[in-house]
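Note that numbering that gives the first Met the number 0 numbers the sequence shown so that position 172 is 171, with each residue one more than the last.
Hints are computed from structural coordinates only; laboratory data are not their basis.
Honestly, I wouldn't trust all of these hints.
Calculated pairs, SDA-like style, for lysine to any residue (alpha carbon to alpha carbon, straight line, at most 25 angstroms) [claimed, not checked]: (1) K379 x P209; (2) K152 x G96; (3) K368 x P279; (4) K13 x E123.
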Amino acid sequence: MAKNKMNIPQIRFKGFEGEWGKKPFSKIYSYVRNGFVGTATPHYVEQGVPYIQGRNIKCGKLLDNGYVNISEEFHKSKPNSKVLVNDLLIVQSGHVGDTAVVCSKFEGANCHAILVATPANQLECNSYFYNSYFLSDSGKAKIQIITTGNTVKHILSSDLKTLIVPKPTYHEQTQIGDFFQKIDQVIELQQKALDTARAYKQSMLQKMFPQKGEKVPRVRFAGFSGDWNELKLAKLVSFSKGKGYSKSSLVNEGNPIILYGSLYTDYRSNIDNVTTFAIPLENSIYSEGNEIILPSSGESDVDIARASAVTQKGVLLGGDLNVLKPKKDFNNIFMALNLTYSSVNSSLVKRAQGQVVVHLYNSDIQNLKVSLPMLEEQTKISDFFQKLDQQIEQQAQKLATYQQLKKAMLQRMFV
């Protein structure tokens, strides 16, 4: 346990003790300069020297893509903005203070409007330590001190040089820098696992619902064959509207309610756990647990053409919702997926009206033709995608756990 002193972090690796030292940034990074500031666009080429910009730095890392290249001739004319392995890069304008360490992949690259700091002694300064330091609350507070500007934030190299920063031993710096590199690797792998799961779901949605010109999907479960039946939506459901509620109607405890805006942010194709609440108004509309709902207004025709199944009973259905209740026996989760991901979705998009605010009314969709397989196949498809959603949620939770761990350790391992 660390002692209660100003310059001792709460958590340390075994074998380290005593207060951390402090030094001006310029004593640790003796060569601090500005990346090229000016117009470089005439020198962009398809194949050339990577040109690092502020947008390429995020969350302590250089991103893997989104770079432009500059000509070799222009690069040679700007030697001061050339970067070396282990240089610390600091965003100078906009999202100031974001940092990254130059790895071997970007050895010899050039940069634009970024502060570049080269260590005074590679055996006394670990840039991965300082990269993590500037991600911590302590490091961010230091950057805030030297930040200027109202509309566009900015930091100067002269101010950065005078900034007092912690200086533990090089060995402790390396232990901490390595620790956060390992956490970043775990987070990166988990992000890839989540992205892969989401991409697989999107791929299967395209393959398991008929697309334009198709009578049957490209992928089906064993035992199912034959064309899907095509019916008008009005033959399958009755149409109604939700009851208008505003965000100010929401309370911490009350009756669960779905507001149309939540369809864009909080819910997937299956709504089985509503986390917003309101005190019911007179003549409110409650779910029976078998509805399909679509937003009746939104920002774009593509956004508005999405459906969700409500599988929870007794939920208030807010305004700006088209409510579809089954007249025939079908799986409402399957129907929501069908309306959103099959070829019928393009017909939904075409029926949306408006420019600044787009509307989609029940009267616009009554004559839509939808294709349905037998109920057993509907249920199989619905269950398959629910399991995928559960797997995606588990991957997302694991990612959030790792990110929270990193955040907590950043606050406890720096002063």
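Here's how the hints hold up against the structure:
1. K379 x P209: 16 angstroms, holds
2. K152 x G96: 10 angstroms, holds
3. K368 x P279: Not satisfied, since the Cα-Cα distance of roughly 35 angstroms exceeds 25 angstroms.
4. K13 x E123: Satisfied, since the Cα-Cα distance of roughly 20 angstroms is no more than 25 angstroms.
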